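*Asks:* Below, each chain spelled out in residue letters.
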Amino acid sequence: MVSKPFVHDAANSGEEREMPIFALENPVFLTYLIASAIMVLKVMGQGWMTVYRMMKINGGYASPEDLKTGLINKSPSPSQLEVNEYVDRSRRMHRNDLENVPAFWIAGLLFVLVDPAVWLAQILMYGFVLARLAHFWAYATKRTHEVRATFYTLGSIIVIYLAGHALWVATM
Amino acid sequence: MVSKPFVHDAANSGEEREMPIFALENPVFLTYLIASAIMVLKVMGQGWMTVYRMMKINGGYASPEDLKTGLINKSPSPSQLEVNEYVDRSRRMHRNDLENVPAFWIAGLLFVLVDPAVWLAQILMYGFVLARLAHFWAYATKRTHEVRATFYTLGSIIVIYLAGHALWVATM
Amino acid sequence: MVSKPFVHDAANSGEEREMPIFALENPVFLTYLIASAIMVLKVMGQGWMTVYRMMKINGGYASPEDLKTGLINKSPSPSQLEVNEYVDRSRRMHRNDLENVPAFWIAGLLFVLVDPAVWLAQILMYGFVLARLAHFWAYATKRTHEVRATFYTLGSIIVIYLAGHALWVATM
Numbered sequence: 291m292v293s294k295p296f297v298h299d300a301a302n303s304g305e306e307r308e309m310p311i312f313a314l315e316n317p318v319f320l321t322y323l324i325a326s327a328i329m330v331l332k333v334m335g336q337g338w339m340t341v342y343r344m345m346k347i348n349g350g351y352a353s354p355e356d357l358k359t360g361l362i363n364k365s366p367s368p369s370q371l372e373v374n375e376y377v378d379r380s381r382r383m384h385r386n387d388l389e390n391v392p393a394f395w396i397a398g399l400l401f402v403l404v405d406p407a408v409w410l411a412q413i414l415m416y417g418f419v420l421a422r423l424a425h426f427w428a429y430a431t432k433r434t435h436e437v438r439a440t441f442y443t444l445g446s447i448i449v450i451y452l453a454g455h456a457l458w459v460a461t462m
Numbered sequence: 291m292v293s294k295p296f297v298h299d300a301a302n303s304g305e306e307r308e309m310p311i312f313a314l315e316n317p318v319f320l321t322y323l324i325a326s327a328i329m330v331l332k333v334m335g336q337g338w339m340t341v342y343r344m345m346k347i348n349g350g351y352a353s354p355e356d357l358k359t360g361l362i363n364k365s366p367s368p369s370q371l372e373v374n375e376y377v378d379r380s381r382r383m384h385r386n387d388l389e390n391v392p393a394f395w396i397a398g399l400l401f402v403l404v405d406p407a408v409w410l411a412q413i414l415m416y417g418f419v420l421a422r423l424a425h426f427w428a429y430a431t432k433r434t435h436e437v438r439a440t441f442y443t444l445g446s447i448i449v450i451y452l453a454g455h456a457l458w459v460a461t462m
Numbered sequence: 291m292v293s294k295p296f297v298h299d300a301a302n303s304g305e306e307r308e309m310p311i312f313a314l315e316n317p318v319f320l321t322y323l324i325a326s327a328i329m330v331l332k333v334m335g336q337g338w339m340t341v342y343r344m345m346k347i348n349g350g351y352a353s354p355e356d357l358k359t360g361l362i363n364k365s366p367s368p369s370q371l372e373v374n375e376y377v378d379r380s381r382r383m384h385r386n387d388l389e390n391v392p393a394f395w396i397a398g399l400l401f402v403l404v405d406p407a408v409w410l411a412q413i414l415m416y417g418f419v420l421a422r423l424a425h426f427w428a429y430a431t432k433r434t435h436e437v438r439a440t441f442y443t444l445g446s447i448i449v450i451y452l453a454g455h456a457l458w459v460a461t462m
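Residue numbers (this note's numbering), protein chains in the order written: chain A, 291 to 462; chain B, 291 to 462; chain C, 291 to 462.
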């Protein structure tokens, strides 16, 4: 068990010195920050995709009070509360995000804190982002279950690896 | 790209010194800690609101085994497994929290790590807390879709800004 | 309000020195890392339990396109899109995880940052892991509502305590 509060930084300076983990000059942390921030935008964007779809078809609402007449809903009808596949697809995509992305945020943070190799962090974290964007594409465009499952699997394995790697370094 | 592992602290001392990001004396981090902890209590409280509502109406249960006679359910009936609007409202509120709050937790952390202005952090983070508490009020008291959507929008834009700001500082 | 960017470490050395919070030699952080990483594996594993159950009964699918013939689904039928209790149980377990575990991840991190006693961190964090594993067991094996609720309550109280403790230390 080796303490890794600081990372070794010999790249910019000729001499050796130590750098805090959370410095932007630490390329592992920078990778984590970029990947995590993109995934925040992805998850929040999914909420807005649901809003867009509800507005577009004027339905797929979830609460009885959404049938009150107002700016959002100018001519209410009980059928607007029925499950609508177009809107529900976006909600399912959102749920799938929630099942995978928060775990990535924390597993990625733990991974950064055990000071991994830069190339490994980049492959895994940008790989996760790409896998999830591909999953979004596959789900939104109704690709086959096999295509969607492939991207889900890739993202899931990366998160499991990040957590397993951190656990291994911390306990071995 | 500037490293920000420590923040500049000239407030308390006459001389300049650096302070770690995660010190409670860093007002940006303190703001994040307070806002995040309040949101933890909010999200966990939502679970207890669902429990309270299930107990109160003795229904809205989700699993077949909840129909076994016991301390919680003294006179079971199959109708207790039907979706109950009073209970389901609390579940929808919980889902809405899960779609917004974990993203705030991580976007806020990334924001802290790029060392923003204190006033900006306070406006955004306490603004998020207020927007979500107002969303809770609007949802629980069945305000119109417009009112609920306004508070949702405010919270969502803040999270998107936090992540976008961190991404900008890290990459520009 | 006391700054705790570093923890006091007199255990290994005869002399006093300070150690960063996020060092693996800080037993509070090590406890957090281990507990959080185990919970990442638990949450991701729940996704795979859902996949396993869908494959086993060849049903409980969520999207219309899952009825296309392919490697996963060799003889499609509309009934495969109906809610299936065996699969839905795993989805409910997953939802329950999402309502509790991300809040633990962040509350635990805030707790670490206010530098608590090691024994307290170990009891609370390993206690949370055990409570959630017991909740998994109770839900998967259809124990009574009382048994499941007991483990839910234990996990929930721990998360609330972690956030409340951090909030107290930060503001008092």
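Incorrect hints may have been included.
Copies of one chain are not kept apart here, so a pair can be met inside one copy or by any two copies together.
Claimed, not checked - SDA-like mimics (lysine to any residue), calculated; alpha carbons at most 25 Å apart, straight line:
(1) Lys432 to Gly454
(2) Lys364 to His455
(3) Lys358 to Lys432
(4) Lys364 to Ile413
(5) Lys346 to Val437
(6) Lys432 to Tyr351
(7) Lys332 to Ser367
(8) Lys346 to Met309
(9) Lys432 to Gln370
(10) Lys346 to Tyr416
(11) Lys358 to Met383
(12) Lys364 to Arg343
(13) Lys332 to Glu355
(14) Lys432 to Asn363
(15) Lys432 to Arg385
(16) Lys432 to Leu361
Since the hints were derived computationally from the structure, they do not count as laboratory data. Nothing here was measured: the structure is a model prediction, and the numbers come from that model.
*Asks:* Now tell me if each hint is right for this structure.
*Replies:* Evaluated hints:
no., hint, in the structure
1, Lys432 to Gly454, "neither (32 Å within a copy, 29 Å between copies)"
2, Lys364 to His455, "neither (54 Å within a copy, 37 Å between copies)"
3, Lys358 to Lys432, "between (33 Å within a copy, 11 Å between copies)"
4, Lys364 to Ile413, "neither (49 Å within a copy, 34 Å between copies)"
5, Lys346 to Val437, "between (28 Å within a copy, 19 Å between copies)"
6, Lys432 to Tyr351, "both (22 Å within a copy, 14 Å between copies)"
7, Lys332 to Ser367, "neither (32 Å within a copy, 33 Å between copies)"
8, Lys346 to Met309, "neither (51 Å within a copy, 50 Å between copies)"
9, Lys432 to Gln370, "both (23 Å within a copy, 17 Å between copies)"
10, Lys346 to Tyr416, "neither (33 Å within a copy, 33 Å between copies)"
11, Lys358 to Met383, "between (28 Å within a copy, 19 Å between copies)"
12, Lys364 to Arg343, "within (16 Å within a copy, 32 Å between copies)"
13, Lys332 to Glu355, "between (29 Å within a copy, 23 Å between copies)"
14, Lys432 to Asn363, "between (28 Å within a copy, 15 Å between copies)"
15, Lys432 to Arg385, "both (16 Å within a copy, 24 Å between copies)"
16, Lys432 to Leu361, "between (32 Å within a copy, 16 Å between copies)"
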